[in-house]
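Visitor: So the chains spell out like this:
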Amino acid sequence: MSPRPGFVFETDRSSPATLFWHGEGFRLEKLPTGARIVYPPEPVEALTDPVAQIRGALENPVGDSPPLSALLRAGMRLTIAFDDVSLPLPPMRSPDVRQLVIESVLDLAAEASVDDVVLIAALALHRRMTASELRHALGDRIYDAFAPNGLLVQHDAEDQANLVHLGLTTEGEDVEINKRAATSDLLVYVNINLVAMDGGHKSVATGLASYRSLRHHHNVRTMQHSRSFMDQEHSELHSSNWRMGRLIAASGVKVFQIETTLNTNTFPDQFRFLERREWEWSLKDRASFLATSFALERAPAGVARKVLQRTCSPYGLSSVQAGEVEAVHAVTTENVYRQQLVEVEGQTDILTMGLPYICPYNVGSIMNPILVACTGLGYMFNMYLGKPLVRPGGVLIMSHPTPWAFDPVYHPSYIDFFEQVLSETTDPFEIEANFEESFARDPWYIHLYRTGHAYHGVHPFYMWYWCAHALDHLGAVVIVGGDRSAVRRLGFKAASSLGDALEMAEDVVGRHPSITHLHSPPLLVARVS
Amino acid sequence: MKALVLERSLPRYAVSTAASRLFGSGRGVHHGPLRLRTTPQPELPGPGWCRLTPILAGICGSDLATLDGRSSWYFENFVSLPFVPGHEIVGLLEGSRERGAGKRGAGAEGAGERRVVVESVLGCATRGVAPQCKYCEHGLQQLCEHTAFGNLEPGLQTGYCASTGGGWSTSLVVHESQCHDIPDEMSDEAAVMVEPTACAVHAVLAGGLAAGELAVVSGAGALGLCVVAAIKHLAPRTRVLVAAKYAHQRQLAKNLGADLVVTPEAIGRATRRLTESLALGRHLSNGADAVFDCVGSAQTLAGALEVVRPRGRIVLVGMPGAVKVDLAPLWHREIRLLGAYAYGAEDPRSPGASVDPGARNNAAGDPAARVSTFDLAIEVVATASLESLVSATYPLERYEDAIRHAATAGMRGSTKIAFDMRTVAAHTSTQSIQSIAGASASASASIQGSHGNVGSRHQRFSHNESRNRGELHT
Numbered sequence: 001m002s003p004r005p006g007f008v009f010e011t012d013r014s015s016p017a018t019l020f021w022h023g024e025g026f027r028l029e030k031l032p033t034g035a036r037i038v039y040p041p042e043p044v045e046a047l048t049d050p051v052a053q054i055r056g057a058l059e060n061p062v063g064d065s066p067p068l069s070a071l072l073r074a075g076m077r078l079t080i081a082f083d084d085v086s087l088p089l090p091p092m093r094s095p096d097v098r099q100l101v102i103e104s105v106l107d108l109a110a111e112a113s114v115d116d117v118v119l120i121a122a123l124a125l126h127r128r129m130t131a132s133e134l135r136h137a138l139g140d141r142i143y144d145a146f147a148p149n150g151l152l153v154q155h156d157a158e159d160q161a162n163l164v165h166l167g168l169t170t171e172g173e174d175v176e177i178n179k180r181a182a183t184s185d186l187l188v189y190v191n192i193n194l195v196a197m198d199g200g201h202k203s204v205a206t207g208l209a210s211y212r213s214l215r216h217h218h219n220v221r222t223m224q225h226s227r228s229f230m231d232q233e234h235s236e237l238h239s240s241n242w243r244m245g246r247l248i249a250a251s252g253v254k255v256f257q258i259e260t261t262l263n264t265n266t267f268p269d270q271f272r273f274l275e276r277r278e279w280e281w282s283l284k285d286r287a288s289f290l291a292t293s294f295a296l297e298r299a300p301a302g303v304a305r306k307v308l309q310r311t312c313s314p315y316g317l318s319s320v321q322a323g324e325v326e327a328v329h330a331v332t333t334e335n336v337y338r339q340q341l342v343e344v345e346g347q348t349d350i351l352t353m354g355l356p357y358i359c360p361y362n363v364g365s366i367m368n369p370i371l372v373a374c375t376g377l378g379y380m381f382n383m384y385l386g387k388p389l390v391r392p393g394g395v396l397i398m399s400h401p402t403p404w405a406f407d408p409v410y411h412p413s414y415i416d417f418f419e420q421v422l423s424e425t426t427d428p429f430e431i432e433a434n435f436e437e438s439f440a441r442d443p444w445y446i447h448l449y450r451t452g453h454a455y456h457g458v459h460p461f462y463m464w465y466w467c468a469h470a471l472d473h474l475g476a477v478v479i480v481g482g483d484r485s486a487v488r489r490l491g492f493k494a495a496s497s498l499g500d501a502l503e504m505a506e507d508v509v510g511r512h513p514s515i516t517h518l519h520s521p522p523l524l525v526a527r528v529s
Numbered sequence: 001m002k003a004l005v006l007e008r009s010l011p012r013y014a015v016s017t018a019a020s021r022l023f024g025s026g027r028g029v030h031h032g033p034l035r036l037r038t039t040p041q042p043e044l045p046g047p048g049w050c051r052l053t054p055i056l057a058g059i060c061g062s063d064l065a066t067l068d069g070r071s072s073w074y075f076e077n078f079v080s081l082p083f084v085p086g087h088e089i090v091g092l093l094e095g096s097r098e099r100g101a102g103k104r105g106a107g108a109e110g111a112g113e114r115r116v117v118v119e120s121v122l123g124c125a126t127r128g129v130a131p132q133c134k135y136c137e138h139g140l141q142q143l144c145e146h147t148a149f150g151n152l153e154p155g156l157q158t159g160y161c162a163s164t165g166g167g168w169s170t171s172l173v174v175h176e177s178q179c180h181d182i183p184d185e186m187s188d189e190a191a192v193m194v195e196p197t198a199c200a201v202h203a204v205l206a207g208g209l210a211a212g213e214l215a216v217v218s219g220a221g222a223l224g225l226c227v228v229a230a231i232k233h234l235a236p237r238t239r240v241l242v243a244a245k246y247a248h249q250r251q252l253a254k255n256l257g258a259d260l261v262v263t264p265e266a267i268g269r270a271t272r273r274l275t276e277s278l279a280l281g282r283h284l285s286n287g288a289d290a291v292f293d294c295v296g297s298a299q300t301l302a303g304a305l306e307v308v309r310p311r312g313r314i315v316l317v318g319m320p321g322a323v324k325v326d327l328a329p330l331w332h333r334e335i336r337l338l339g340a341y342a343y344g345a346e347d348p349r350s351p352g353a354s355v356d357p358g359a360r361n362n363a364a365g366d367p368a369a370r371v372s373t374f375d376l377a378i379e380v381v382a383t384a385s386l387e388s389l390v391s392a393t394y395p396l397e398r399y400e401d402a403i404r405h406a407a408t409a410g411m412r413g414s415t416k417i418a419f420d421m422r423t424v425a426a427h428t429s430t431q432s433i434q435s436i437a438g439a440s441a442s443a444s445a446s447i448q449g450s451h452g453n454v455g456s457r458h459q460r461f462s463h464n465e466s467r468n469r470g471e472l473h474t
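So the protein sequences, as listed, match chains W and U. The first sequence: position 479 = 479 (our numbering), numbered continuously. The second sequence: position 90 = 90 (our numbering), numbered continuously.
Bound conformation, chain U alone (with noise of 0.2 Å):
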């Protein structure tokens, strides 16, 4: 199989991060650690294991932030080397016709085996640890007391661990608990749009937003948009201010709800009209009621604090790294900061109800209103029609291109970039890859049914892919 792989190099490791603090992110990649190899597929590590034929696998900034050496270190006992990056997944299991689980397009080549998107945390049913931990236990496997133990290389997520492949490959194995099924009617490219949803989802219930309150985003690169889509579709009635910096972000933004969007340095501005509060230098006397980080900077975290309310609520939704900020309007305007590590069980119910199995007094809510993050990001993708920020799509042979495009993605246009594993049928002669041919003519034909313009793209990438692979879509 071929997979990018991220090898364990340290004159590499510091290549990439030279390069990429001096001459931006991504630039390093090619004298970096990501590696394109022919390896042996991934073993099953235990019953109820399977392979997974990526379709679809998404560049998120955490992908980034590794290659660039730009992560904190604290993750540094949470992974595994060599890995295969990638946790935005969409793909097909292998072996799933023959348990007769899911369909996919009567009639079509391919037809009966499932589409499913990688819910990818490792959690205790995914490292073989029974009894559950107590997070496990009440469906918050992001939490996992086992996520250095267990049948599995030590690895938060799939993409981060040695034991189980990535996305940016064309094998990986999954754990059946991993595994949601996708609708027929919705593309590859709203299934891809799934995980970093799912993000945006739990950090947004994490922030508990009453009806009429204001919620602040900062940063509307594609999480930052997932999280004004999911705001829109699990609080409606909430005010929506966006920071984004680049044009087409205002106007995607825009367009998926938010009430007023401006740029990074008129965020304070505007909250402060918007709360009708007065200003003390940079920080209000009000101000909004929640403020979702999308960036992780030192910089977005420091004008967080200058834009939230007292007693209002701050959410970490992008990964932050080691950062310097003044917390002195945390302590005094007894701010709340709150992370929200990707996704696992929600009670959409009661938002910000936090259940916290660590707690002696917890209390547990009510276990048949929790659904899975996954469930409730499909429905978001779906209403917000999501496949829209997928701007481009590269083989993993052009995985350099790839790297840069989403390094840059906010000044060239773009918002999500994904690798594309539909057209490694022509180069390979297995039966499994032969199969996600027909499930990509399969997939083609739906979004063109029920897309159009997103099936315009898709057919001319068909029509001209040699020329046309790797450039925008839009």
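Pulled out of the complex, with its shape left as it was, chain W reads as follows (with noise of 0.2 Å):
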């Protein structure tokens, strides 16, 4: 049976109560009658046989390249760059994907006798990953075979004897990537794209790239004249991308991207009801979710928050593309969209999401206040083509506790963002031009990127400008259930419970509007017409 297709579903007096997330839980929320409900659609159907589907596409690449056996010999410099621990979320159940990949690559070379190959995982300004991330997403036998001897390594955006500075692009943007990944005769991307915004000339270009790069396109102008990140067409950071990842392509960096593509089969058993709509839950969806929802209510934060980040996901492969970057990317792109892609009919007044406890940049650690922001206004906003679910000047209305708590170790930049920017001002341009130089060049963060496990300075600034476009769009944001103190900080406005969050949202946009949900995740996009 093929999967259902997402859809939009109206309330009426008999519906029953819609989930919405809340962090490490749950809500059960009565909405409005009228109040339309956007759901994703099922999960397509996974490959059957990933290793084999993964060969053949290396063997019969699309676009202008070679079969990747074609482009493998002896004496060769052999980079294999991958994508980080921000993908996919929730991290995905062994065998990574990016593990199947890698060892069909490895296996090629290794028929071809290539044998200097280096592992590089593309974290741009992420954290470094943990020895236990990089078993996880490569498998034991990748990394017991490359770590030990120097070979697995993670990237360094400022590490400046290790970038190359290949020129600037003819908006006169700088191209500054890995120095191995470019003076290799061969550079293999193998990338994860959960989202459409992910992969294509994104994956070097961003992957790989220093601050000085990478500030070209994470900044609030770019952000604002993305609209959306999901397509491609219509989004100025891609626009970036691009041209750098020509220039680099014109710098003769040969580029052999892999992409994937994973079905939205998001949640293990034990959580089905969160795929499931919610008038067709069964009496074990019921009893799971009471249980699910009873235990993480009475465990403590922490445990919560442990037991959550410890799922691991049963994503299925859904396709699998490589060759040339932006011929894969375009393949890749359609397969998300067959994936995601649900229709819907105009604008809403306002707009309600819950907010998970994990997005791509608290895996293992807290979703601190500025990742609330950044996952709400940021991501969950922008999951839409043409124009966004909620209309102009219209309110967004999270659900999430967004308590004042941060990682000190993952995140000790975000802290000082939260405590010294956002005290003073929330407008990202003014942040931006104030504040941002001295974040990005701070030797204590920059310290910390190189040498722990903390995000680069300049991050969250970056998950700020996410929320530009957002920013400038709408009209309120509220947070549900939120920390008070944190949410004002945020600038946001903070509610007890849905009902006052409506009521509030009604002093901006009226008496009587109208509301729409997007229940997700599991992913979706909009396409809003």
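These are calculated hints, taken from the structure and not from any lab test. Careful: at least some of the hints might be erroneous.
What the hints assert, rightly or not - Just the calculated beta-carbon pair ranges, DEER-fashion:
(1) U:Gln-299 - W:Ala-46: 58 to 64 Å
(2) W:Asp-427 - U:Ser-297: 33 to 39 Å
(3) U:Arg-282 - W:Ala-330: 49 to 55 Å
(4) W:Thr-425 - U:Asp-326: 36 to 42 Å
(5) U:Arg-21 - W:Met-504: 43 to 49 Å
(6) U:Ser-297 - W:Pro-408: 23 to 29 Å
(7) W:Gln-160 - U:Leu-280: 23 to 29 Å
(8) U:Val-323 - W:Gly-491: 38 to 44 Å
(9) W:Thr-425 - U:Arg-282: 27 to 33 Å
(10) U:Gly-212 - W:Thr-425: 46 to 52 Å
(11) W:Pro-408 - U:Asp-326: 53 to 59 Å
(12) W:Asp-144 - U:Gly-212: 40 to 46 Å
Stated by the list, open to error - Not the full set, but computed from the structure, chain W residues with beta-carbon under 8 Å of chain U:
(13) His-225
(14) Ile-415
(15) Asp-416
(16) Glu-419
(17) Gln-420
(18) Asp-442
By construction, the Cβ of each residue, glycine as well, lies at the ideal position given by its N, Cα and C atoms.
Mind docking these for me? Both chains are given alone in their own frames, and the hints should help you get the complex.
Guide: Following this line, the structure appears as structure tokens:
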């Protein structure tokens, strides 16, 4: 039976309460009659023999590229870069798709007697992965063969000796990337395209770049002119990355891109109710919901977080394609849309959403208030094609506890950003002009980024810039059930219940507003007509 | 005359100390040693002395420490009981009309009287000691060798000396060398801020700030805010980072020009970032050039040691007591710990250049360049509009409310609490006090003319005096 597509459900008086994510918990909320709920499509069929499909993709590349085996030769320098811990979310059950792809690439390299091979985690300015995270992503065989010999490295955007400046794009953008990758005879990039935003030239031009290079597209102007990030043709972020990617290719860097897509089989059996529509919940689903909610509510926040963070997704590989970057990415994007796209008619006055416990930047740690803002306004708000789900001047209501809590190891600069920057202003342009440089050049943040597991000093700025389009577009943002002081610091309004939030929203959008709820994750992209 | 008198009573001290420790500062005032008394006016101690009728007298942190029994026993020999507290004083000099000095609002009642603020330290000149000690010779009366000698009872300041009385009364005696005229356009509220501001000015100049340096101000009560204002006036190119506990303090610090204001818990992180230091535990590889500790607790001193750079300066502005602090970083990082007590004479052109008359090789500096700290403080108060820091005033009769308010000023959204003697006129019949009423009316007019918001507050006070008295002005 083919999976059911996503759809828009209009509530009536008999509709059951709707599940809202609420950090490490859930809320069941009764939406007003007439509210729309956008449900994601059911997971598409996973490939039955992923390894064979991967092999097939490597030997049958798309675009202007020979098969991978034809590009490999003895004595060459081969670099394999791969997406870091921020993908996929939640982490994928072993074997991770990166492991499957890289094992296939290494098999071919071995057959061609290539012995100068280095693996690079494409971190950009993200935190370094832990040994266990690397082992999980790559598998024991690869980790044990490469890590002890120093052949498994993590990109260091502050290691000037291992960066190379390839030139300026036509728009004057610096292109500075990892030297090993740029000077290899072949750079194989292994990606996981969880959303349409990922992949393409963004993989190398962002994942292996330095701050000097990244600042050209990770800035407020670019973010505000990306409408949306999921629509490459209307995203200035992607335009910039594409210019850089083409310059990288023109500089002689040979990239063989391998992109994978996953279906939305996001949660294991015990959390299956999270993927079902509420009126279709079975007795088992109801029991699972009650038991899970009960346990999470009563567990200390740290324990609940650990339990959820350890939950791995049973994602299935839905497609794999390899070859020339742009041709590969065109196919990948179609496959992402095939899984995630939902047609929605018209915008809404009020958009509601529940935010989960995890986003790309808090794997293994706390979802701090800045990440809450970024997840809601930067990512979920931008899950659209055409027009945002909410009208200009509309209200976004998010549900999340938003604790005033930070992980000092992973997010040290976030703490200072929250305490010292957001206390002064929440205006992204002002923040960029007055504070970014000092955080980006701060030697302590750089030290922690290079030697510990800290996100780069400038990273919280990028999180705020991701929100720039939504902040510009929305009339107000309300967080339900959030720590009031933390919510206020973000510049948003706090409400203790959805009912209160809707009342507050009416002050902005007027009486009898239209309401739409984004029932995600699992992920979906709304094509708004 | 009416006066709040701090009497010698060990049981009352014990009760006050216990209550303040158990329930918080100011909570023992009802059973404490401070009492409202009708007493004879203090005798004029000698030539150069005259009577002063206070208009406003502030409540200082050191006053609260004394009432709470938290003051260091070190001061035991520098006070004489019973005394009338109050050393932040603006008042009218009696008999000044006859001497023709100064003037007071032409045409207004009380015109011709001198309105002055009192430089409270009691040096050789006030004590009739001649020749003066080497410190007083250099204008450093706050370091006078004769604080417990001479014509007066022991007392490091007016407000701690049995011979002079203090500001928390309707009359006291002051020496002419202690009096600084206040410009006509300056409100009484502004004037009462001159003395604490002088302390701040002295501390800032002792800190020796240079352009581009980072100064951390720990504590944003009245004294801390005065320090911020003084830094911005005297060393405008210094970056100022303030640790402020309460939201209104953070806003006031920003209004006064602080570059960054954070909570006390965040001061280490903020200093680290502004100085681009590395961190090793709680200590920084570099740090702030100067830290002004305006609290004086073990916690703030330890915090200062954490955020100051090697060879940096920590200036103790708030009155410390007996504290237990690990001085290893002070030794290891060669940090300079400086006391900054009161005020005297300064050379604002050479901040940090310490004149030390006690040293054999003393470089006396340029005597012509030295100016009174009070003169500088009057400039700072006027420039920074520090009258806005006066949050509430109380009549002497409501001293218990006033002390409790001052002790909890931060959490109640207030800054400086003062006693207001302007309303005493209704209860007295002396000529001098009648002149206060006229002066007060004149002051009110001038406040309304030059400081609209203050004037309106004052007007509200006057119109609904009995109900509003003692309530927040803001």
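Visitor: Which of the stated hints cannot be reconciled with the structure, identified by number in ascending sequence?
Guide: Numbers 10, 11, 12, 13, in rising order.
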